[in-house]
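Fit chain B to the supplied structure of chain A, relying on the hints for placement.
Chains as they are written, first to last, in my numbering: chain A, 1 to 615; chain B, 616 to 1230.
Hints were generated in silico from the structure; no laboratory data involved. Accuracy of the hints is not assured; some may be wrong.
Stated by the list, open to error - Here are the simulated distance ranges between beta carbons:
| hint | chain 1 | residue 1 | chain 2 | residue 2 | range |
| --- | --- | --- | --- | --- | --- |
| 1 | A | M311 | B | T775 | 27 to 37 Å |
| 2 | B | Q795 | A | Q520 | 33 to 43 Å |
| 3 | B | P746 | A | Q520 | 35 to 45 Å |
Stated by the list, open to error - As a list, the in silico DSBU-like pairs of lysine-lysine whose alpha-carbon atoms are at most 30 Å apart:
| hint | chain 1 | residue 1 | chain 2 | residue 2 |
| --- | --- | --- | --- | --- |
| 4 | A | K200 | A | K152 |
| 5 | A | K426 | A | K366 |
| 6 | A | K388 | A | K366 |
| 7 | B | K815 | B | K767 |
| 8 | A | K15 | A | K277 |
| 9 | A | K388 | B | K767 |
| 10 | A | K20 | B | K635 |
| 11 | A | K475 | A | K434 |
| 12 | B | K767 | A | K152 |
As the list claims (entries may be wrong) - According to the in silico footprint, chain A covers these stretches of chain B (three or more CB under 8 Å from chain A):
| hint | stretch |
| --- | --- |
| 13 | 749-756 |
| 14 | 772-780 |
| 15 | 877-885 |
| 16 | 1197-1205 |
Here a beta-carbon is modelled for each residue, glycine too, at the ideal position from N, C-alpha and C.
Protein chains: 2
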Amino acid sequence: MADTNLIVDFEPIGKRVEAKAGITILDAIRQAGLPITADCGGLGLCGQCRVIVRQQLESLAPITPTELNWFTETELTAGYRLACEAVLLGDVRVDLPSSSLILGQRLQVTSNLYEDAPPDSQSDNIIQAYPLTLPAANIHDLRSDLSRAFDKLSEAYGLTNLTASPAVVRNLSPLLRQNQWQITALVRGQEVIGFLSPGKHPLGLAVDLGTTKIAVYLLDLTTGETLAAEGIPNPQIGYGEDVISRLVYAENSPEGSAILAQAVHTTLAEIAQTLAKNAGVSTQEIAEVCMVGNTAMTHLFLELPISQLAMAPYVPAASTPLEGRASDMGLPFANDCRVYIPSCVAGFVGADLVSMTLATGIGQDKRAVMGIDIGTNTEIVLALPGRKRMMALSCASGPAFEGAHIRYGMRAAAGGIERVRIIDGKPMIQTIGKNPPVGICGSGIIDAVAELRRIGAINYRGRFQETIPGVRLGKYGLEYLLVPSEESGSGEDISITQHDVNEIQLAKGAIRAGITVLLQTGGVQAEDLDEIILAGAFGTYLNLDTAIAMNLLPDLPLQRYRQVGNAAGVGAKQMLLSRRRREQANAISQQIEYVELTVYPDFRNIFAQSMLFYR
Amino acid sequence: MADTNLIVDFEPIGKRVEAKAGITILDAIRQAGLPITADCGGLGLCGQCRVIVRQQLESLAPITPTELNWFTETELTAGYRLACEAVLLGDVRVDLPSSSLILGQRLQVTSNLYEDAPPDSQSDNIIQAYPLTLPAANIHDLRSDLSRAFDKLSEAYGLTNLTASPAVVRNLSPLLRQNQWQITALVRGQEVIGFLSPGKHPLGLAVDLGTTKIAVYLLDLTTGETLAAEGIPNPQIGYGEDVISRLVYAENSPEGSAILAQAVHTTLAEIAQTLAKNAGVSTQEIAEVCMVGNTAMTHLFLELPISQLAMAPYVPAASTPLEGRASDMGLPFANDCRVYIPSCVAGFVGADLVSMTLATGIGQDKRAVMGIDIGTNTEIVLALPGRKRMMALSCASGPAFEGAHIRYGMRAAAGGIERVRIIDGKPMIQTIGKNPPVGICGSGIIDAVAELRRIGAINYRGRFQETIPGVRLGKYGLEYLLVPSEESGSGEDISITQHDVNEIQLAKGAIRAGITVLLQTGGVQAEDLDEIILAGAFGTYLNLDTAIAMNLLPDLPLQRYRQVGNAAGVGAKQMLLSRRRREQANAISQQIEYVELTVYPDFRNIFAQSMLFYR
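The following block holds chain A by itself, in its conformation from the complex (with noise of 0.2 Å):
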């Protein structure tokens, strides 16, 4: 029977699929394609992947060891089970509760930077659009499609010595004689890359491809103006949660790269399909893309080696700019629409950060000033124009500050508390969605940590002081009550415990300790900057007295900082548009000395140092 399809049901969300008997539920919501949180990668190492069966028992293999370790109870009783471990049998109804599911999570992809205009000139412009009206064959004119076309370039554009490959002369003849013998040509250096019905402008994708999302903006070429703009879950999080993770999948699983790759390009067409719907046009006018992310997440993108990425000295395969296929990548697009990755500066230091740099505008005046975009790694860039000098390194920051690898964390996602204060010994909390809280997100574990120090309830090396009202001995350890169980969401207390203040600390440290080595490596101290830019959603969403407060940034006056929300999607809608932003990007990486944190001396002890809090 193994060959049978069971019905899989997930709620609340309603989407059924169809699946094999003695696969695990993990597989089938992979398969869904939807975005569960699996730290791990299903290897039952991580406990993220919860869910809830509550009927049909039966067809769910029994309960495993595992699953015993991860789960109290009254969570089993209330038909918890893990999805990389629970095997089903049978027809099942199963329940993704929100803080596994990362649906409805914030994923910005708005920023307050100003964005380009329009390239200033049509030969600034990565796709140039020449309409064409071509005389018809006929039996005294018997030049074949294509020379036609090149032939009207050339007498009324002056353009010459043009390529074309097979894959746009496929859809010129027919698309000739359905308009009448117009047409416009799309050309981009010295190739036609496609063709399009008379009228129609070419669209262009900008993309942030991050670790955990990916944000998605479709542009008019020619107008430079944002059509529509989406951001979504990176299908690649049910593989593995983080960086590492998921190039170990890479590495060992039969046909990872491809999985890996294959997961984004599905995704990227199909949003790409919705954001062509919700603005009216086809996606195959989408004549190229523009793609930033993380070295290691643009290199599975791209399906290059990956094994030297994944141990020292870990080198990038490449590094310049490049560019990749979209019809190799199974995407609608026009012929031969290209998708453009810029250059990246190290292994962990990539394009997004080269990005990130040209649409600050960070080293373009005389100012000295960091760069500093938090998330699983976090890159921190420092230009200081007056030395001449641009440099750049990435920390581990880890994803405890996306509610990851904390005892009742969770992504930001309805429920998930955002905001802390302790009033009176009280805590005081605001949920995403004012809904019931389920968790504690990122930006709601920063507050709690700061509070805990600020009224003593932990000491400056983050201790719990048994002392302060409040702190408790839980299942876990020393621990601080934010929620009781009865006013909670999910029937929990939940509570901050020893471990997570750790996490905390491990994060902020190794940011604090790199932006510490930065300033040391320019030779300049931190009241020399003229500005902090904090790029990226955590960076945006975060309450900067508290990052102060918890030594995780340097103090100086708030005026100083500038939140400036996905400056890498910025930078990667001025290169989808503008050869001269291509060549600033590249002269920007090039630029970039790279700092690499673990030959740097006395690195160690900065480390610890960073890890605590101010006295």
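Structure of chain B alone, referenced to chain A:
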């Protein structure tokens, strides 16, 4: 039971295949990749795909009315069937007569033309190979693998602004580490198209893609040496023997274009494997392909649109040089290996004519020269350098010269009658391989018709003269018996019918009319020609005396004729090796004026005259 696989054994070649019940023997032959003759593409119209089933007769559906039409009582009793009509119901053994199968056919790959020495300079090479020894990556030198290679190409060879595709990078990182950081970079223009292990030379394939046969040559691109060569039948023959029937198949069958393209892609991959094996090299070292062929063949190969090629005014989709990607065609060559197809002149004057013109040097000196490539379509080029003109046309000479549409015709294979003399009223024959005669191949038919005219068995209009001994009234009208059934290998009489003579008249009339029109267009007489070059297999085996006697070729002294063999293949080799040669071919294609026969004044009259024999 429709899903059950049957076993079909093809004899005498001993090939066993699995097939589904319900398909025809022709389908099974095609699936087996065997080159069966089937002029009509499997519609039961040509009677070519004869097979014999002697046992297990219950494994086939009953004989159809179409088959009753094509076979005599004796043949039916002997087990003859049409492969396109006979439906498989069970396991069966099928004999493929050599007259139906195109194995063992003479497929000329040689030429007596001077072949190019290796390109004069590295810069003339299409693919330039650069050996590199790179410093290993370490913590103090964190450049990406590609940048490391690019930097060395710049340092050691002065190459800058290079690009490489993701596919090339995919190969680089593992290869570098397997070869202790030694590697050979293959550069094409500004692009690195692949990397080889140290010491390897890049290889190339020159391909002459004919309607009937494919000639493939494996060359060392550094030394210019031909390492191996082979001629094989074009597998598209199973889908229609001539260009038009294949265009119709491509247009009217679901996925027809893709099926025809893939048939050649697969065959090319197989022959590349064979050639590489014979030469002791790997197909992954193949870094460039140069392919010539008639316009329809190259369009089908690249899956270009063909509707406009199949109907008036018959324009190509593209006529400029095109480059496909070997990887897009499933060819297991170097990563970014291109398939270069030179310019064609018109819908029925292809890159093969250009290549032949290049290789024979037509138009490169002061002499007036005509080049003729006889085939199903015959292309003729005329150079009149004194008048600075070069012109070409194509005439639909049909497949009669290849033994098709001839009652007892066959392709040039073992047992085919290739020479005929009638001495003292008695026909003397010579067969290929000295096997017992089973049919008449092209050169034999021409001989026979010329001899029939010489002895007066046919008059100048081609009509049989009943009064001449040997002329008799046969089943199909007046005919001349060449081989009585008791002496033939097939047990049948082999004769030349009135219909056969008319087919030959149509074929030779078309070619002779083309020659006349081209001479008229150039304003010269045949006597003004310094040379007539006959290219291609048929032109090489042609008996010149006979061809002149039957007014197929102009009556010039024999020393003005030159039979050069596969000149198009030689031109393909030259263009595989040399940039200069490609430019030269491109110039030729632009210089050639295309002459459209159908609008030529008085063409019908010229054609009618040309069908006559000399009085």
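Inset, instruction - Would you list, in rising numerical order, the hints stated earlier that this structure does not obey? - result: Violated hints: 5, 12, 15 and 16; rest satisfied.
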